[in-house]
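My request is simple: use the sequences and hints to build the entire structure.
Listed here are the chains, written in short residue letters.
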Amino acid sequence: MAVDFAFTQDQQDIFAAIKEFCDEELAPKAKETDERGDFPWETVRQVAEMDLMGIPVPEEYGGMGMDFLTWTVAAEYLSTACTTTGAVFGAHMLALYPIMAYGTDEQKAKYLPALATGEKIGAFGLTEPNAGSDQSTIATRAERDGDDYVLNGTKIFITNGGEAEIYVIIATVGQRLGVRGLTAFIVEKGTPGFEFGKNEKKMAYKSLSNRELIFDDCRVPAGNMLLTEKRGFRVAMGTLGVGRIGMAIGAVGLAQAALDAAVPYSKTRVQYGQTIENFQAIQFMIADMATEIQAARLLSYQAAWMKDQGLEFEKVAAMAKLYASEACSRVTSKAVQIHGGYGYTAEFPVERYFREAKLFEIVEGTSEIQRLVIANRVLKEYADKKR
Amino acid sequence: MNIIVLMKQVPDTAEVRIDPVSNTLVREGVPSIINPFDENAIEEGIRLVEKHGGRCTVLTMGPPQAEEALRRALAMGADEAVHVCGREFAGADTWATSYTLAQAIRQLGEFDLIICGKQTFEGDTAQVGPGVAEQLGIAQATYAIEVQIEGRKMRVKRVLEDRYETLEVRLPALISVVKQINEPRHPRLKNVMAAKKKPITVWGVDDLDARPNLIGLAGSPTSVVRIFAPERHHKGEIIEGETPVVVDKLIEKLRQLEAV
Amino acid sequence: MAIVVDAPKCTGCMLCVRACPYEGIVVEEKVPRLTDTCTYCAACVSACKVEALRQERPPKEETDTSLYRGLWVVAEHDDQRLAPVTRELLGEARRLTADLAEPVSLVLIGHNVEELIPAAAAAGADRVYLVQHEVLKDYRTGPYTDVLCGLIEDRKPEIVLFGATAQGRDFAPRCASRLVAGLTADCTGLGIDVERRLLIQTRPAFGGNIMATILTEHARPQMATVRPKVMRPIPPREGVAPEIIEIAVHLDERAVITKVLEVARQERHTVNLADAEIIVSGGRGLKKPENFDLVFDLADALGAAVGASRATVDAGWIPAYHQVGQTGTTVQPKIYVACGISGAIQHLAGMQTSDVIIAINDDPEAPIFKVATYGIIGDLFEVIPALTEAIRRQRQ
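Taken in order, these protein sequences are the chains called A, B and C. Under numbering that gives the first Met the number 0, think of the first position of the first sequence as 0, with each following residue one higher. Under numbering that gives the first Met the number 0, think of the first position of the second sequence as 0, with each following residue one higher. Under numbering that gives the first Met the number 0, think of the first position of the third sequence as 0, with each following residue one higher.
FYI, nobody ran anything at the bench for these hints, they're computed from the structure. The model shown is predicted, which means the values in this text are computed figures rather than measured ones. Among the hints, erroneous ones may be present.
Claimed, not checked - Partial pick of chain C residues on the chain B-facing surface, computed with a CB cut under 10 Å:
id, residue
1, Cys-37
2, Arg-139
3, Ser-176
4, Thr-183
5, Pro-241
6, Thr-257
7, Arg-264
8, Lys-369
Think of the CB as a built atom: it goes at the ideal place given N, C-alpha and C, for glycine as much as any other residue.
Now the structure itself:
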C-alpha cells in the first residue's frame with residue numbers, strides 16, 4: 000500500500016474549523032480554566048456545540064461518521080489549546096468507544112446519541128485501589144440477581160467521575176478467574192447504590208475531576224452488560240488501546256503548546272545584547288523539541304490510522320503512548336529551561352505544562368507497562384519468525 | 000422572514016504593511032477574510048431566522064475567490080448564497096456597488112430585512128449600506144447594536160458617538176451592524192460539511208437586470224487617481240537613562256506643556 | 000480596459016505586483032497581466048516607475064458641470080451648538096473657496112435652529128440655507144435626505160461636504176445614491192484642481208496603510224465626508240452678516256416611517272476620547288489586561304482619558320470605545336501618551352496629529368518612535384508607576 004500523509008479536503012476543512020475554535024475560544028482562557036478549580040463545563044459545552052464529541056460516531060447515532068484519525072487530530076488541537084478540556088475529551092471517548100465498538104443496537108441507540116452530541120459526558124471505570132496496571136486483581140464484584148447484576152466495589156482516579164452521566168465499568172464475576180472473570184457494564188449516574196467519593200488533589204489539572212466511584216449494592220440491568228459475561232477484558236483492552244492513542248496525542252498536543260510558548264519567547268528575550276534564539280544552546284533545544292514532537296505525532300497518527308484500517312494497532316499505540324508521553328516531559332522541561340527563571344513562575348504557562356506533562360507517563364498504562372506491552376509483542380514477533 | 004446579508008471578502012488589513020524601501024504596499028501572504036463587521040451581520044441574520052423562522056441569504060459581489068467567504072457564511076448557518084461575479088462589475092465604487100447589489104436583491108424577490116456590516120475593513124466607507132437602502136427605497140438604521148422585530152415593526156438601538164438612539168422602523172428595511180451587536184459563531188463541524196454541498200448561485204452581468212453604464216468602473220462617479228504611502232514626519236527626542244532620570248525629564252516636559 | 004498595459008516599457012521590477020492589495024496583477028516575462036481579482040484600484044499604476052501601466056476611464060455621459068457652482072457644508076448640531084466638525088469644515092471650505100471664488104454656504108436643517116447662524120457666520124459661512132420644520136427636529140435619514148436632495152437639485156452646488164460622523168456617514172451616502180453623485184468617505188485632505196474645478200480628495204484606505212487620491216470628474220455635485228479633528232477651524236470672524244435663505248418645506252410626520260423612540264447618553268467610563276486634551280493609551284506591551292491599571296492610574300494622575308490599541312481591544316482587554324485609530328476614534332489631543340504601543344499604521348493614523356506624543360516602549364525599533372515627540376525606550380512597568388507617582392507628588 001502506498002504511504003500517503005495527505006489529509007482529505009474534508010479533513011483539512013474540519014481541522015481548520017477546529018483550529019480556529021481552539022485558538023479563539025479555548026486557548027485564551029486555558030489558564031483561567033485550569034486555575035478556577037471547577038469542572039470546565041463552559042469549554043466542554045463549547046466543544047460539544049462544535050460537534051467534536053462524536054467525530055467517529057456514525058451519523059445515524061448523531062455523530063460525524065468520520066474516522067479515528069480525524070478524532071485524533073481534533074484531540075491534539077484541543078490539548079494544545081487547553082490540556083484540561085483535552086483530557087475531558089479523551090476520557091469521554093473511553094465510555095463512548097466501548098459502547099460504539101461492543102454495544103448492541105439497543106445499547107447504541109440508547110446511549111450513543113447523547114454521548115455523540117456531548118449532551119452527556121462519559122467516563123470509564125477500571126482502576127481500583129489495588130488494581131492499576133494489573134487488572135487480574137480487579138475486585139469490584141458483579142453478581143447476577145434475576146434480570147440484574149448487583150455491583151459492589153470502588154474505583155479510583157476516574158477522570159470525569161461525578162460529572163459524567165454515562166460510565167463504562169469493568170467489574171468481575173469471580174475474582175479468582177483473574178482477567179477472565181472481567182465483565183463490562185454501562186452504568187448511569189443516579190442509579191441507586193452508585194455514589195461518588197472525593198475528588199483527588201493533584202500535581203496539575205486542578206479543574207479536572209478524578210473521583211472515586213463507589214458501588215454499594217448497585218443494581219444494573221443485565222441489558223447494560225457489554226458483550227457477555229467474562230468478556231470484559233476484551234472491552235478493557237480495546238478501550239485502553241484507543242485510550243493510549245488519546246493519551247499519546249494529548250501529550251503531543253501539550254508538547255506542541257510548550258514549543259509554541261518557548262520559540263516566540265526566545266525571539267523576545269534579550270541577553271548579551273541579542274535575542275536568545277541566536278544561541279546555539281537554545282537552538283539545539285528547539286531542534287530536539289520539534290523533532291520529538293513530530294516523531295510522537297507521526298506515531299500517534301499511525302496508530303490511529305492502523306485502527307481505522309482494521310489493523311492490529313496495539314503495539315504501535317503503546318509505542319506512541321510511551322514515546323509521546325516521555326517526549327512531552329522532555330519538551331516541557333526544555334520549554335521551562337528556555338524561559339529561565341521566568342519559566343519557573345506562574346506568569347508563564349510553561350510551568351503548568353511541565354506539571355501537566357507528567358500525567359501522560361502514568362495514566363492509561365505507565366511507561367513501564369507500555370514497555371512490557373511493546374517488548375512482549377516484539378519478542379513474540381521474533382518467536383514467530385524462528386518457527 | 001426573508002433576510003439578505005450583504006458581505007464582502009477583504010484582505011486582512013491588520014497584516015498589510017508598507018515596504019519602507021519601495022514605499023509600496025506589501026500584501027504578500029496577507030490572508031483574505033470575511034470583512035469582520037460582516038461576520039456580525041451574518042450572525043445577526045442567522046439568529047433572527049432562528050428566532051422568527053424564514054431564510055437567511057448571503058449576497059456578495061466580488062471575484063471568483065469570494066466563493067470561499069460565501070462558503071464560510073454557509074458553514075456559519077446561512078441558508079443560501081448568491082455571488083455576483085464578473086469582470087464587468089470590477090472597479091465599482093460605492094455608488095456602482097450599491098446599484099449592482101440593489102439590482103441583485105430585486106432579482107432575489109421579496110425580502111423583509113437587509114443586514115450589512117457597518118463598514119468594510121479595507122475601504123472603511125460605510126457607504127454601501129445606505130446606498131443600497133436608497134436604491135431600494137427602504138428605511139435604514141445604521142450602527143445597530145440591538146435589533147428586535149415584532150410583526151412588521153423593528154426596534155433598532157443605534158450606537159452613535161456619545162449616545163444610543165432607539166428607532167422604530169417599518170419593514171422592509173436595511174440595518175448596518177456594529178461589532179458589539181453579537182459574537183459571531185464558529186462554524187460547527189456538521190455545518191462545515193453541509194456547507195460544502197450547498198449550491199452557490201452565481202450571477203454574471205447577463206443574469207442581472209443592470210444597466211451597463213451604471214455598473215463597474217463605468218458606473219462609478221468617483222475614481223482613484225493615485226495611491227501612495229502615508230507621510231511619516233517628525234523628528235523626536237529620545238529620552239534615555241535610569242528610570243528616575245527619565246521620569247525627572249518627563250516631568251520637566253509635562254511642566255512645560257502645563258500638564259502638571 | 001481600465002488599466003492599460005504598455006508591455007514594452009515594463010522592466011519586470013514587480014513593484015506593481017507587490018503594490019496590489021488584491022493579487023490582481025501578475026508579471027510574466029516582463030509582461031504585466033491583470034487577473035480576475037483586479038478591482039482597477041490603480042495601486043499598480045501609482046507604483047510603476049516606468050509608466051508601463053496607465054489608468055484609462057471609460058467615456059462618461061457628460062453632466063454639464065458648469066451648471067453647478069458653490070461650496071456647501073452640511074451642518075451637524077445638537078440644537079444648542081454647531082458640532083466641532085461643522086466649524087472645521089467651514090474653515091476648510093474657506094480655504095478651498097479661495098480657488099473657486101464662490102461663497103461658502105452652510106445648510107442648516109432642524110427645528111428652531113436660527114440661533115446657530117451667528118456661530119456659523121463666525122466659523123466661515125457666507126450664506127446659510129435654513130430649513131426648519133418640527134419633523135426635522137431630530138436627524139432622521141428619510142426626511143433629511145428628502146430635504147437636502149431637493150435643495151441640491153434646485154440650487155446645484157458643485158461641492159458638498161459632510162462631517163464623517165455617525166450622522167454624516169448615514170446621511171451623505173443616502174443623498175449621493177439618490178443624486179448619482181460621487182461621494183468620497185472619510186477624507187483627511189482636500190484640495191482644488193482650479194482649472195477643472197475638481198475637488199481633490201485624499202483619504203486613507205486599508206486601515207490607513209495607504210492613502211488614495213480620489214476625483215469625481217463628471218458627476219455633480221462632488222460630495223465628501225471629512226474626518227473630525229483633521230481640518231482646522233478658522234479664528235472666529237466677527238461682525239459678518241451672512242446671507243440667510245430660508246427654505247420652506249412641506250413635511251408631514253405621518254409620512255415618516257421611522258420614529259425616534261429614545262435617546263440615551265452612553266455610559267462612559269472615561270471622558271470622551273475625541274474631546275480629551277490628554278490621552279494615555281495602552282497597547283499589547285502591557286502584556287495582560289490587569290496591567291491596564293497602570294494606564295488608568297497614570298491617566299487619573301494627569302486627568303486624562305484612557306485610549307487603547309486595536310490589538311488590546313480585539314483581545315478583549317478593554318472595551319472597544321477606548322480604541323484609538325483608524326477603526327476606533329481619531330484623536331488629536333494636546334498630549335498623547337502611548338504605553339507599550341508599537342504603533343501599527345492604523346493606530347498612527349488615528350493619533351499622529353496629536354500636538355505632543357510621548358511614547359514608552361522597550362523596543363527601540365517600534366514605529367511609534369517615528370511619530371513620537373518624546374520617546375522613552377525602557378521598561379514601562381518601571382517607568383509608568385514612577386511617573387504616576389512623580390506627577391501625584393507634583394500635584395500635592
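Taking the least C-beta to C-beta distance, is Cys-37/C closer than 10 Å to chain B? 6 Å, holds
Restraint outcome when Lys-369/C is required to lie within 10 Å of chain B by C-beta distance: 5 Å, holds
Holds or violated: is there a CB of chain B closer than 10 Å to the CB of Thr-257/C? 5 Å, holds
Arg-139/C as an interface hint toward chain B, with CB separation required under 10 Å: Result: holds, 8 Å to nearest chain B Cβ.
Hint check: is the beta carbon of Pro-241/C less than 10 Å from a beta carbon of chain B? 27 Å, violated
Double-check Ser-176/C for me: the hint is only fine if its C-beta lies closer than 10 Å to a C-beta in chain B. Status holds, d = 4 Å.
Is the shortest C-beta separation between Thr-183/C and chain B less than 10 Å? 6 Å, holds
Minimum beta-carbon distance criterion (10 Å), Arg-264/C to chain B: 5 Å, holds
Taken one by one, the earlier hints fail for this structure only at number 5.
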